[in-house]
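Visitor: Here is what each chain is made of, one letter per residue.
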Amino acid sequence: GDSVTQMEGPVTLSEEAFLTINCTYTATGYPSLFWYVQYPGEGLQLLLKATKADDKGSNKGFEATYRKETTSFHLEKGSVQVSDSAVYFCALSDQPGGYQKVTFGTGTKLQVIP
Amino acid sequence: NAGVTQTPKFQVLKTGQSMTLQCAQDMNHNSMYWYRQDPGMGLRLIYYSASEGTTDKGEVPNGYNVSRLNKREFSLRLESAAPSQTSVYFCASSEGGSGVSKTQYFGPGTRLLVL
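Protein sequences appear in the order of chains U and Z.
Take the first sequence: its letter number 39 is residue 39 in our numbering, and every next letter is one higher.
Take the second sequence: its letter number 94 is residue 94 in our numbering, and every next letter is one higher.
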């Protein structure tokens, strides 16, 4: 079945550091890939997505490229801010039986210190 | 535009008690979902409703029931709560229909503690 593996956290970075959160996936079909972010005490919200191979999703300075050859969708940001502290979830979406099934990774907690 | 709303925000139950978690969305979405979030396990799908009038089991449906009351509302019921159901519950909605690129929109969550 489908699965998503993302790096264990927590990740602690200083402000303005470069961020990479690794994500790899296993899927039988042609999934779409997502990064969702969860701020403390809130629900998940979409950060970015990519719907086919070589697509790059981007939002708020974050980027991720859909790499079919390496089955990866790593999240990057050039300069993190304290306000980026949150839990980040990689996810893939497939449609095995007529409904949109989303498989989530376990989440990576990011803490940015001033 | 409230998006997805959930009530209550927090609940404490004793083993064997029942309760219903409420969810409503105002985005005219066809599909709605219930997930539970547990430490180290990400989100797991409990039940979903692809469209008004239909519901189906997800990955972890045991101990739960759902009702799609109308297009806006999708409730989750615990008939006899167990400590293993201590979790954070999220409701989500999406446009539905065919295609895998639809964004899911999440509510703020209900934190449930079963003693």
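In case anyone wonders, no lab produced these hints; they're calculated from the structure.
Warning: the hint list may mix true and false statements.
As the list claims (entries may be wrong) - Within a straight-line C-alpha distance of at most 30 Å, the following computed BS3-like cross-link-like pairs (lysine-lysine) qualify: (1) K77(U) to K56(U); (2) K68(U) to K56(U); (3) K101(U) to K52(U); (4) K56(U) to K109(U); (5) K101(U) to K56(U); (6) K57(Z) to K52(U); (7) K68(U) to K52(U); (8) K77(U) to K60(U); (9) K60(U) to K57(Z); (10) K57(Z) to K9(Z); (11) K77(U) to K52(U); (12) K56(U) to K71(Z); (13) K109(U) to K60(U); (14) K71(Z) to K109(U); (15) K52(U) to K9(Z); (16) K71(Z) to K9(Z); (17) K109(U) to K77(U); (18) K101(U) to K57(Z).
Visitor: Quickly compare the C-alpha distance for K56(U) and K71(Z) to 30 Å and report which way the hint goes.
Guide: Distance of about 34 Å is beyond 30 Å: violated.
Visitor: Hinted pair, alpha-carbon criterion (30 Å max): K68(U), K52(U). Please report holds or violated.
Guide: Given that 30 Å is the threshold and the Cα spacing comes to 8 Å, the pair holds.
Visitor: Quick one, are K68(U) and K56(U) close enough, alpha carbons at most 30 Å?
Guide: OK: K68(U) and K56(U) at ~12 Å, within 30 Å.
Visitor: Take a quick look at whether K101(U) and K56(U) sit within 30 Å of each other, Cα to Cα.
Guide: holds (22 Å)
Visitor: Checking one constraint from the list: CA of K52(U) to CA of K9(Z), max 30 Å. Satisfied?
Guide: Between K52(U) and K9(Z) the Cα gap is close to 37 Å, so the pair fails against 30 Å, i.e. violated.
Visitor: Sort out whether K77(U) lies within 30 Å of K109(U), counting only the CA atoms.
Guide: holds (15 Å)
Visitor: Below or equal to 30 Å on CA atoms is what counts here, so check K71(Z) against K109(U).
Guide: violated (34 Å)
Visitor: Quick one, are K60(U) and K57(Z) close enough, alpha carbons at most 30 Å?
Guide: Since the Cα atoms of K60(U) and K57(Z) sit roughly 35 Å apart, the hinted pair is violated (cutoff 30 Å).
Visitor: Is the straight-line distance between the alpha-carbon of K77(U) and that of K60(U) 30 Å or less?
Guide: holds (9 Å)
Visitor: Just to be careful, I want the Cα atoms of K56(U) and K109(U) compared with a cutoff of 30 Å; is the pair within it?
Guide: holds (23 Å)
Visitor: Is it true that the CA of K57(Z) sits at most 30 Å from the CA of K52(U)?
Guide: With a Cα-Cα distance of about 28 Å, the restraint between K57(Z) and K52(U) holds, given a limit of 30 Å.
Visitor: Given the proposed pairing of K109(U) with K60(U), does the C-alpha separation stay at or below 30 Å?
Guide: Measuring from Cα to Cα gives roughly 18 Å; hence the hint holds.
Going through the hint list in order, the structure does not satisfy hints 9, 12, 14, 15.
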